[in-house]
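Protein sequences appear in the order of chains R and D.
My numbering runs 53 ahead of the 1-based position in the first sequence.
My numbering runs 19 ahead of the 1-based position in the second sequence.
The hints are simulated quantities; they were obtained by calculation from the structure and are not laboratory data.
Computed from a prediction, not measured in an experiment: that's the story for all the values here.
Just so you know, not all the hints are guaranteed correct.
[Claimed, not checked] Derived pair list, reagent style PhoX-like, types lysine-lysine, alpha-carbon separation capped at 20 Å:
#1 R:K302 - R:K259
#2 R:K204 - R:K261
#3 R:K261 - D:K22
#4 R:K266 - D:K123
#5 D:K98 - D:K79
#6 R:K204 - R:K274
#7 D:K99 - R:K302
#8 D:K33 - D:K73
#9 R:K390 - R:K364
#10 D:K98 - R:K266
#11 D:K79 - R:K259
#12 R:K224 - R:K261
#13 R:K367 - R:K127
#14 D:K82 - D:K123
#15 D:K99 - D:K22
#16 R:K261 - R:K81
#17 R:K204 - R:K189
#18 R:K56 - R:K367
#19 R:K266 - R:K248
#20 R:K177 - R:K81
#21 R:K302 - R:K279
#22 D:K22 - D:K98
#23 R:K177 - D:K79
#24 R:K316 - D:K123
#25 R:K330 - R:K302
#26 D:K82 - R:K284
#27 D:K33 - D:K22
#28 R:K284 - R:K177
#29 R:K344 - R:K364
#30 R:K284 - D:K98
#31 R:K279 - D:K99
#32 R:K200 - R:K255
#33 R:K261 - D:K33
#34 R:K102 - R:K116
#35 R:K205 - R:K152
#36 R:K177 - D:K82
#37 D:K98 - R:K279
#38 D:K123 - R:K259
#39 D:K98 - R:K261
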Amino acid sequence: MIKTDAVIIGAGPVGLFAVHQLGLKGLKSEVIDNLDRAGGQCIELYPDKPIFDIPAIPECTGKELTENLLRQIKPFNTNFHFNERVQEVSCENNTWLVKTNKNNTFSSPNIIIAGGVGSFEPRKLSLEEAENYEGKNIFYSVNDKNKFKGKKVSIFGGGDSALDWALELSKISNVTLIHRRDEFRGAPHTLSEIKKLEKIGKIVIKTKYQLSKIEGDENLKSITIKNDDEKTMKIDTDYILGFFGLIMKLGPIAEWGLNMNRKTISVNTENFETNKKGIFAIGDICTYPGKERLILSGFHEAALASVECFKRAKPDEKYRFEFTTSSKDIQERLGRKTK
Amino acid sequence: MPKITYIDSSGNQKTIDVAIGLSVMEGAIQNNIPGIDADCGGGMACATCHVYVKEEWFNKLPKAEDGEQDMIDMAFEPKKNSRLSCQLIVSDELDGLVVTTPSKQT
Numbered sequence: 054m055i056k057t058d059a060v061i062i063g064a065g066p067v068g069l070f071a072v073h074q075l076g077l078k079g080l081k082s083e084v085i086d087n088l089d090r091a092g093g094q095c096i097e098l099y100p101d102k103p104i105f106d107i108p109a110i111p112e113c114t115g116k117e118l119t120e121n122l123l124r125q126i127k128p129f130n131t132n133f134h135f136n137e138r139v140q141e142v143s144c145e146n147n148t149w150l151v152k153t154n155k156n157n158t159f160s161s162p163n164i165i166i167a168g169g170v171g172s173f174e175p176r177k178l179s180l181e182e183a184e185n186y187e188g189k190n191i192f193y194s195v196n197d198k199n200k201f202k203g204k205k206v207s208i209f210g211g212g213d214s215a216l217d218w219a220l221e222l223s224k225i226s227n228v229t230l231i232h233r234r235d236e237f238r239g240a241p242h243t244l245s246e247i248k249k250l251e252k253i254g255k256i257v258i259k260t261k262y263q264l265s266k267i268e269g270d271e272n273l274k275s276i277t278i279k280n281d282d283e284k285t286m287k288i289d290t291d292y293i294l295g296f297f298g299l300i301m302k303l304g305p306i307a308e309w310g311l312n313m314n315r316k317t318i319s320v321n322t323e324n325f326e327t328n329k330k331g332i333f334a335i336g337d338i339c340t341y342p343g344k345e346r347l348i349l350s351g352f353h354e355a356a357l358a359s360v361e362c363f364k365r366a367k368p369d370e371k372y373r374f375e376f377t378t379s380s381k382d383i384q385e386r387l388g389r390k391t392k
Numbered sequence: 020m021p022k023i024t025y026i027d028s029s030g031n032q033k034t035i036d037v038a039i040g041l042s043v044m045e046g047a048i049q050n051n052i053p054g055i056d057a058d059c060g061g062g063m064a065c066a067t068c069h070v071y072v073k074e075e076w077f078n079k080l081p082k083a084e085d086g087e088q089d090m091i092d093m094a095f096e097p098k099k100n101s102r103l104s105c106q107l108i109v110s111d112e113l114d115g116l117v118v119t120t121p122s123k124q125t
């Protein structure tokens with residue numbers, strides 16, 4: 054059991070800034086995220102795209118913003134629990150117990166949900182039969198490429214993951230790359246490598262086609278793809294790899310008895326607490342009258358939530374408002390030597 | 020106000036007045052039209068406001084930019100006439116637009 058002042062769910066920009074706001078107040082936090090790294094939507098959806106509305110930063114990319122936030126919270130030596138998802142929460146004597154899918158339990162007076170629009174999961178093939186083969190002949194990520202050695206692999210998608218794996222697996226497997234349009238959006242260099250391989254017959258590319266049928270018994274045998282003009286083509290296939298990007302799923306949070314409004318959690322605007330004492334929601338996942346889904350709104354929400362977290366974590370201490378410029382305590386927490 | 024018609028995958032249709040300047044996605048969300056999730060809130064970052072545009076309207080629309088096409092790649096069952104409704108801004112020219120929502124968004 055890990056005891057902490059606050060459990061933060063979500064390592065996106067707002068979750069990271071919550072670490073900072075809690076840290077300034079002398080509170081320790083533990084961060085849990087379903088992804089394998091920090092940054093949330095910033096890093097998954099627009100790592101290289103510019104953001105223009107972070108106060109005092111005229112322009113930065115999602116990746117730069119994430120890196121800067123990580124630098125900003127470095128003094129607090131926060132523990133991150135990646136590839137981990139919160140399953141359930143329960144309350145005992147005003148303390149929350151948070152259980153994850155890796156059987157970790159956290160104990161804390163505060164839970165801050167900074168989960169964006171849910172946890173990221175791979176988008177799957179839309180055919181219902183695909184489910185029967187998932188994890189066996191159909192994969193949405195690659196753990197062990199050797200499994201595909203000498204096999205017929207049909208790869209779907211037009212982005213970097215699809216192109217990278219098509220290139221990599223073409224060395225050991227019979228690869229067919231299938232995409233719904235002619236344009237690929239992966240790195241141009243990878244694409245030109247793949248086109249070269251296509252010319253010498255090392256890889257087959259089918260564009261403007263989508264999956265329409267899969268056939269097999271216990272194992273997958275073949276797939277049928279169809280183009281816009283309803284022309285179909287059958288391809289013998291041992292394995293399907295689908296790379297259709299990520300979708301966001303709210304997951305177990307929806308079952309915690311919080312007041313929900315569509316896929317968002319209702320909070321008050323005084324401290325961004327939900328209807329459950331000690332559970333806060335900040336960033337894209339919270340809603341209140343006038344809510345704007347901006348990163349800067351999330352930063353404000355984190356600051357105010359951290360004050361209430363302080364009161365709950367240190368009920369015997371008085372909360373004192375301080376500026377970072379002038380507070381010796383804060384500067385010590387930031388690792389600055391004060392005279 | 021321009022009228023926009025939303026048809027769901029089983030054929031139920033609703034026509035609503037959407038103010039000029041709003042997106043077809045916002046028109047749906049504000050009027051509780053089911054079938055459009057818009058998880059990212061209109062940032063062209065999630066493909067859950069995906070719609071099929073009726074053929075005769077599809078060619079009248081301003082062309083989708085690369086970023087939108089990239090997201091449509093990830094949408095549920097994209098077709099030739101797929102668009103992201105957050106990128107369709109309502110104007111007088113779009114009065115009468117008909118869009119169909121897919122059977123699901125994710």
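Against the structure, the hints come out as follows:
1. Distance check on the hinted pair: K302 of chain R and K259 of chain R sit about 31 Å apart at the alpha-carbon level, beyond 20 Å; violated.
2. Taking the CA atoms of K204 of chain R and K261 of chain R, the gap is about 24 Å. The hint is violated against a cut of 20 Å.
3. As the CA atoms of K261 of chain R and K22 of chain D are separated by approximately 33 Å, the hinted pair breaks the 20 Å bound.
4. Taking the CA atoms of K266 of chain R and K123 of chain D, the gap is about 19 Å. The hint holds against a cut of 20 Å.
5. For the hint linking K98 of chain D to K79 of chain D, the alpha-carbon distance of about 17 Å falls within 20 Å, and the restraint holds.
6. Taking the CA atoms of K204 of chain R and K274 of chain R, the gap is near 11 Å; set against the 20 Å cutoff, the hint holds.
7. Restraint check for K99 of chain D and K302 of chain R: not satisfied, since their Cα atoms lie roughly 27 Å apart, outside the 20 Å limit.
8. Straight-line distance between C-alpha atoms of K33 of chain D and K73 of chain D comes to about 15 Å, which keeps the hinted pair within the 20 Å bound.
9. Note on K390 of chain R and K364 of chain R: the hinted pairing is violated, with a Cα-Cα distance of about 27 Å set against a maximum of 20 Å.
10. Between the alpha carbons of K98 of chain D and K266 of chain R the distance comes to roughly 16 Å, so the proposed pair stays at or under 20 Å and holds.
11. With a C-alpha separation of about 29 Å, the suggested pair K79 of chain D and K259 of chain R falls outside the 20 Å cut-off, and the hint is violated.
12. Among the hinted pairs, K224 of chain R with K261 of chain R is inconsistent with the structure: their alpha-carbon atoms are about 25 Å apart, more than 20 Å.
13. A threshold of 20 Å between alpha carbons decides the hint, and for K367 of chain R with K127 of chain R the separation of about 23 Å lies outside it, so the pair is violated.
14. Between K82 of chain D and K123 of chain D, the direct Cα distance comes to roughly 24 Å. Violation of the 20 Å bound is thereby established for this hinted pair.
15. The straight-line distance between the Cα atoms of K99 of chain D and K22 of chain D is roughly 24 Å, outside the 20 Å bound, and the hint therefore fails.
16. About 52 Å separates the Cα atoms of K261 of chain R and K81 of chain R, which puts this hinted pair outside 20 Å; it is violated.
17. For a cut-off of 20 Å, the pair hint linking K204 of chain R to K189 of chain R stands: about 14 Å separates their Cα positions.
18. Pair hint K56 of chain R plus K367 of chain R holds up; C-alpha atoms about 14 Å apart against a cutoff of 20 Å.
19. As the CA atoms of K266 of chain R and K248 of chain R are separated by approximately 26 Å, the hinted pair breaks the 20 Å bound.
20. For the proposed pair K177 of chain R and K81 of chain R, the alpha carbon gap of about 38 Å is over 20 Å, so the pair is violated.
21. With a C-alpha separation of about 29 Å, the suggested pairing of K302 of chain R with K279 of chain R is violated against the 20 Å cut-off.
22. Restraint check: the Cα-Cα separation between K22 of chain D and K98 of chain D comes to about 24 Å, which exceeds 20 Å; the hinted pair is violated.
23. With a C-alpha separation of about 32 Å, the suggested pair K177 of chain R and K79 of chain D falls outside the 20 Å cut-off, and the hint is violated.
24. Using a Cα cut-off of 20 Å, the hinted pair K316 of chain R and K123 of chain D holds, with the two alpha carbons roughly 15 Å apart.
25. Simply put, K330 of chain R and K302 of chain R have alpha-carbon atoms about 24 Å apart, too far for the 20 Å limit, and the pair is violated.
26. At most 20 Å may separate the alpha-carbon atoms for a hinted pair to count; K82 of chain D and K284 of chain R exceed this at roughly 26 Å.
27. The suggested pairing of K33 of chain D with K22 of chain D holds, with an alpha-carbon distance near 10 Å, which does not exceed 20 Å.
28. Among the hinted pairs, K284 of chain R with K177 of chain R is inconsistent with the structure: their alpha-carbon atoms are about 23 Å apart, more than 20 Å.
29. With a C-alpha separation of about 25 Å, the suggested pairing of K344 of chain R with K364 of chain R is violated against the 20 Å cut-off.
30. This hinted pair checks out: K284 of chain R and K98 of chain D have alpha carbons roughly 14 Å apart, not beyond 20 Å.
31. Distance check on the hinted pair: K279 of chain R and K99 of chain D sit about 13 Å apart at the alpha-carbon level, within 20 Å; holds.
32. Straight-line distance between C-alpha atoms of K200 of chain R and K255 of chain R comes to about 19 Å, which keeps the hinted pair within the 20 Å bound.
33. Proximity of K261 of chain R to K33 of chain D is assessed by CA-CA distance (about 32 Å); at most 20 Å being required, the pair is judged violated.
34. Distance check on the hinted pair: K102 of chain R and K116 of chain R sit about 9 Å apart at the alpha-carbon level, within 20 Å; holds.
35. Between K205 of chain R and K152 of chain R the CA atoms are separated by roughly 41 Å; this puts the pair beyond 20 Å, and the hint is violated.
36. This hinted pair does not check out: K177 of chain R and K82 of chain D have alpha carbons roughly 27 Å apart, beyond 20 Å.
37. Between K98 of chain D and K279 of chain R the alpha-carbon distance is near 11 Å, which keeps this suggested pair within the 20 Å criterion.
38. Distance hint between K123 of chain D and K259 of chain R is unfulfilled; the C-alpha atoms sit about 26 Å from each other, more than 20 Å.
39. A distance of roughly 10 Å separates the Cα atoms of K98 of chain D and K261 of chain R; the hinted pair therefore holds under the 20 Å criterion.
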